[in-house]
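Peer 1: Okay, here's what each chain looks like letter by letter:
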Amino acid sequence: MIEKLVDLRDAIAEHLRAGDKAVLGACLEPDVPFAATHEIIRQDLRDLNVIAPISDASTDMLIGAGCCTEVTGAWVGNVSGGLGHNYRRAYETAEPHKLTVHDHSNFSIGMALMAGAYGMPYAPMRSILGSDILRSNPEFRLAENPFSEAAEPVVLVPPLKPNVAILPVQRADRFGNHHHWGSRGLVFEAAMAAEKVILLADEIVEPEVITSDPSRVLIPGYLVSAVCHVPAGMHPSPMTGRWQRDNEFFNEYHRQSRSRQGFLEWLDEWVLSLPDHAAYREKLGARLERLRIVGAAPAAETNFAAA
Amino acid sequence: MIEKLVDLRDAIAEHLRAGDKAVLGACLEPDVPFAATHEIIRQDLRDLNVIAPISDASTDMLIGAGCCTEVTGAWVGNVSGGLGHNYRRAYETAEPHKLTVHDHSNFSIGMALMAGAYGMPYAPMRSILGSDILRSNPEFRLAENPFSEAAEPVVLVPPLKPNVAILPVQRADRFGNHHHWGSRGLVFEAAMAAEKVILLADEIVEPEVITSDPSRVLIPGYLVSAVCHVPAGMHPSPMTGRWQRDNEFFNEYHRQSRSRQGFLEWLDEWVLSLPDHAAYREKLGARLERLRIVGAAPAAETNFAAA
Amino acid sequence: MADYSIQELMIVAAAREIRDGEVVFVGMRLPITAYGVARLTHAPNAVGLFECGIVRYGPADGMLYTMGDPPNQLGAAWATGLVQVMSLLQRGRVDAGFIGGAEIDRFGNINTSYIGGIGNPTIKLPGSGGAADIAAMSKRLLAIMNHEKRRLVQRVDYVTSPGYLDGGESRKKAGLDGGPAAVITDRAILRPHGSDNELHLASVHEGHDVDEVRGQTGWDLKVLPDLDETPPPTAEELAALHEIDKDGFWRR
Amino acid sequence: MADYSIQELMIVAAAREIRDGEVVFVGMRLPITAYGVARLTHAPNAVGLFECGIVRYGPADGMLYTMGDPPNQLGAAWATGLVQVMSLLQRGRVDAGFIGGAEIDRFGNINTSYIGGIGNPTIKLPGSGGAADIAAMSKRLLAIMNHEKRRLVQRVDYVTSPGYLDGGESRKKAGLDGGPAAVITDRAILRPHGSDNELHLASVHEGHDVDEVRGQTGWDLKVLPDLDETPPPTAEELAALHEIDKDGFWRR
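Chains as they are written, first to last, in the numbering used here: chain A, 1 to 307; chain B, 1001 to 1307; chain C, 2001 to 2252; chain D, 3001 to 3252.
No wet-lab data here; the hints were simulated from the structure.
On a predicted model such as this, the values are computed, not experimentally measured, just so you know.
Mixed in with the good hints, there may be bad ones.
[Unchecked claim] Taking CB as the label site, the calculated pair distances span:
#: 1; chain 1: A; residue 1: 262; chain 2: C; residue 2: 2239; range: 39 to 49 Å
#: 2; chain 1: D; residue 1: 3177; chain 2: A; residue 2: 295; range: 37 to 47 Å
#: 3; chain 1: D; residue 1: 3169; chain 2: B; residue 2: 1287; range: 53 to 63 Å
#: 4; chain 1: A; residue 1: 278; chain 2: D; residue 2: 3169; range: 38 to 48 Å
#: 5; chain 1: B; residue 1: 1097; chain 2: C; residue 2: 2177; range: 35 to 45 Å
Even glycine gets a Cβ: it sits at the ideal position worked out from N, Cα and C.
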């Protein structure tokens, strides 16, 4: 097997290109790879089309930092705070730049990534019928269901195939094999649809830990391009069984990013003035430690023995 | 929550009707619910349309016993023995009755059940292009991909919605919540697509065992109609972590079912002369015990604690 | 004013819309508390779905800032993906769905995308999330809103989440069943009525009156003949609510 | 006769068709052993896919009667569903796929469904399983067959698994890339050649000759100019094979 354990800086530099379609987290509120968001901003990658059902503050940061000029998603904002100020500024007043939005619902972006994941030419669905999403995003097509005798409109969703998906997981080995547990949002579909997958592993374990439970593997390691060991790389979002949500951090970001100047100060303090995620964790200090999940609620034992 | 633990005899009598579209196992070679196959034969339910990617000998038994007059599937036979003799007799010489076959490939029946599971009007796919499956099963439609500029043929697969899916699982609680691990074939898609789900649980456990690991749940118990406690209900097929395959049993069935008379004798010995699956297990005796997996290869510990 | 907050009344009113045994698509904030109250009172067999990929029976033990927080994972009935849970909507297996909104119109259409319309909006809102899907595919849609004239409008600028569209048969013609069953605001409850499916005033909360509510509504709000005051929370309902909202978040 | 069985030679020949790092859709019996030989010799980074929902790196430790047996689950790289694994075919991510068959024709089309055609077949075979998908979507299809005149026919009665269809551009016109790369029989190896993509005789196994092979083929089998004897298994290949086939199942 091929060793894929690399520094996050090198993973971003090697695998992400200006103009790429990129998934940064697809688990909805948990497991947003903020460590990667920050590294992308530090490397000043431009013109990203950020794909996510719900991006939480990650997309807002990328927009404000000038890295993201297109969004393909169902919801952009700050889940704790509500509106995303950079998102609004970019869309309403083109500050710091013009923003293009490809509107989706959660289910339609799920169908689009699923079609990409499974190599389907497109996915027919019904649950955005009646919505103006069909008007504001002309990529969808309205058609008739050829299997229905009565007229029955259906929406055809074209497949989404991101260039890169960056996804946090609880544990991985150095070959890219890994475990993910708890709710999955669109993590699986994004991982299968993307050309390249970069994992932020909260913990690096021996390969035997992963092969002990093949049912908890998201996708096999041979489909992964890089694994980065980044503990709490999803802070301030939560990770099941590992880290609680730092809700106040989202609120602080929301308050500070209300003005462009406030956002730039926040960005300098938490991203640009720090060399890497280790420095970010050090800056968080005891605040991060308080979020660490220390209790035990173990999953029931499961046997894979063959004889 | 509603108690759903019932005897297999009552579950079949209550939930399965003559003429139903029924999934009896969808995990390919493992987890074929032979206990239910036998009970259906004892209750002499007729005109079933049996849906399965690969049915192994279960469908062959149902055909020979006169219960199954239609098959919707990709492969019918005896995985160990090769051909299914009852299947051949029914199709080639209408003995004991005429048989209708709705041809599929494994992936097309997967797409059909997925479309049924997800409420999709149909599923477009490509991997049976060029195959005469498109000729022998007129339910498929050939169309052009509306998103492609060049001519690009696609196959439209109508959704499959079974009336009942009967599925073995390793453990369940009395409310229908359960765990399934190892390869899943089309078990998930079948469970979600079906109107009713009947589980054959190898073991009944306390609800806390199931809720300790929500990531190992196939579908939540509220979607399950009945749970039956049937240890080794999938014998002679294997169950991950629980039971090895009784390959010789398949070979014996294959040899005995070569003639119609031989099949009827086999049926009498192993199904009709036995009142239930407990008697079948008793008849197997030490042979079954030798198949029990007694080794330990536990999955790595996984924490769901919240704080 | 009685011994409950307006949010508590809204939560209780929302809880009453959930029937026992129903499958409910639960949103965050008020709806998740309403779901808990329903489970602890009249609907002990209700099931709660969360679009991140969680199904729960009982409410979570612990503060939830978002639906994916660790307390909502612990003890869940199912932890799976978005497609797997949201497909239950498209499969017709969701009885009731809750959503909020910035703008709603007289046919129950909701805008959470573009205030001022697509071309040059005055406010770019976050967008649909799962709201469009929930509105399109739940058997009954339940909306929760603040009641202000700029929010309850004649016609929304952009239909993120379809209600009865242009009224009458237009929703059916678009290929949709279901539709809004109730709009619960901080002043009143509105329900569709008549062949047009226009929202009518069904009940007014304690301390509010019809004229005030009509004055805060952006269309000529008609009043149902059997209009009544919204029944205040019962002692049992308040007890259930306080069991869930231990810190009194909704009492402020 | 050399110190190996004809099955062992077929397994080794199949193993040689797998290149290092490739993703291989593995069938049961000969192909799974061939995959193991390839991993232990020249292709240590190959990946094996099984349609029941298993991905493995190394071969299973223990006898497999079917791909879903417990030894194939233990230590797998991924245990998932059929759709998840087979979609890798449709996504264009499978380099090579192995299938068997009852009948194959000069363009590599395979019938495992209806001998004698759909209407009134003389033999109803089990059907496609995953073979149609593997044949349609693998970058290279590798077929393994017994070499008999009634099996290698001018034109199959029913195309379960598409080869080059009517030859030439007809496969491309049907919307398919890829196609058969080799047919490994118990007498010879056939490969497509020329603009027609008709199967030609590429090599003959030790102990067999061209005339015999042509006599056992149902069409006028053309011979490639660089025809040679199939290279016998090397000592390394046989050692790898015996490490996997500890009981000598394929030596009989």
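Peer 1: Each hint should be assessed against the structure and marked as holding or not.
Peer 2: Hints and how they fare:
Against the hinted window of 39 to 49 Å, the Cβ-Cβ separation of residue 262 of chain A and residue 2239 of chain C comes to about 44 Å, which satisfies the hint. For residue 3177 of chain D and residue 295 of chain A, the hinted distance range of 37 to 47 Å is not satisfied, since their beta carbons lie about 52 Å from each other. Between residue 3169 of chain D and residue 1287 of chain B the C-beta distance comes to about 56 Å, which sits within the given range of 53 to 63 Å. The supplied range of 38 to 48 Å is broken by residue 278 of chain A and residue 3169 of chain D, whose beta-carbon atoms lie about 58 Å from each other.
Between residue 1097 of chain B and residue 2177 of chain C, the C-beta spacing of about 40 Å keeps the proposed range 35 to 45 Å intact.
Consistency with the previously given hints fails for numbers 2, 4, ordered from lowest to highest.
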